[in-house]
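Going down the list, the protein sequences come from chains A and B. In terms of my numbering, the first sequence is numbered consecutively and its last residue is 116. In terms of my numbering, the second sequence is numbered consecutively and its last residue is 1114.
Honestly, the hints are just simulated from the structure, not real lab data. Note that the coordinates shown come from a computational prediction; the quantities given were computed from them, not determined experimentally. Treat the hints with care, as some may be off.
For each label pair, taking beta carbons as the anchor points, the in silico distance ranges come out as [unchecked claim]:
hint, chain 1, residue 1, chain 2, residue 2, range
1, B, M1015, A, K16, 20 to 30 Å
2, B, R1110, A, F47, 17 to 27 Å
3, A, S42, B, P1061, 25 to 35 Å
4, A, Q69, B, V1012, 21 to 31 Å
Don't be surprised by glycine CBs; every beta carbon is placed ideally from N, CA and C.
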Amino acid sequence: AQKITQTQPGMFVQEKEAVTLDCTYDTSDQSYGLFWYKQPSSGEMIFLIYQGSYDEQNATEGRYSLNFQKARKSANLVISASQLGDSAMYFCAMREANQAGTALIFGKGTTLSVSS
Amino acid sequence: ETGVTQTPRHLVMGMTNKKSLKCEQHLGHNAMYWYKQSAKKPLELMFVYSLEERVENNSVPSRFSPECPNSSHLFLHLHTLQPEDSALYLCASSQDSAVNYGYTFGSGTRLTVV
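Chain A extracted, bound-state conformation:
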C-alpha cells in the first residue's frame, strides 16, 4: 500500500487565486512528520512547510499553509495568492518514527501550472 497518496497529477490555477494540493498518508505510528517540497524544472527540491503529528495547529509559512486533518490522515497544502513562480512539481512526504533511518517517503507529486 502506498504510504503517501497525491491524487492530482496536475493542477491549473490563475495568478492571485488560491489552490489546494491534496495529500493523504498511511501510518500506524503515533509520531510522524509531514513535509511539502517544491521542485522547479531546474530539479532542486525546496522545503516549504512541516507539520508534526502532535501539532494541534495547522502549520503556516508565508503564502503556504497546511490543512492537517489527523483523523482523515490528510495533509493538504494550500497556496494563497498564486504567482507565476509557483509553477512547479509539489511533493508531499512523511517521516515515521519507527522506520529504520527514518527516511522521508514521497508521494508521486502534483504538477502545478499558474497562468496569468
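We have chain A; now place chain B onto it with these hints.
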C-alpha cells in the same frame, strides 16, 4: 545555494563506463541520503547513511555503490549501468533521524546512460 552541493550537474555515460557522483554538505548534518527520481515515478530511496554508517539499502542493484568517507561527503559510484538507470539522482542531508527534521537537497545530477 542550499548548502548541499552535487557534482556533476549533468552526466552522459556509456554502459561500460565507470563514473562517480559526488555530494558535499556544509550544514553540519549527520545523515545523508541518495534518491533516484525517474520520470512519472515517486522519489525512490537508494541509500541512507547516519553518522557515516550505512543504515538502509533498498535492494539497489550492485552496479550502484555508495561511499561515505565522512559526514560531509557522499559518493555514488556507478559501473555497468543500464539505460533504465537514466534519471535524476538527488542527494540530501538532515540534522538527525528524528521525525521533525526534514531534508536539505542538492540540485541533483541528471544522468543519461547511452
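Verification of the hints:
Hint check: M1015 of chain B to K16 of chain A, Cβ distance near 49 Å, so the stated range 20 to 30 Å is violated. Separated by about 21 Å at the C-beta atoms, R1110 of chain B and F47 of chain A satisfy the suggested range of 17 to 27 Å. Separation of S42 of chain A from P1061 of chain B is about 28 Å and conforms to the stated range, judged on CB atoms against 25 to 35 Å. The hinted range of 21 to 31 Å is not satisfied by Q69 of chain A and V1012 of chain B, whose Cβ atoms lie roughly 46 Å apart.
Hint violations for this structure: numbers 1, 4, all remaining hints satisfied.
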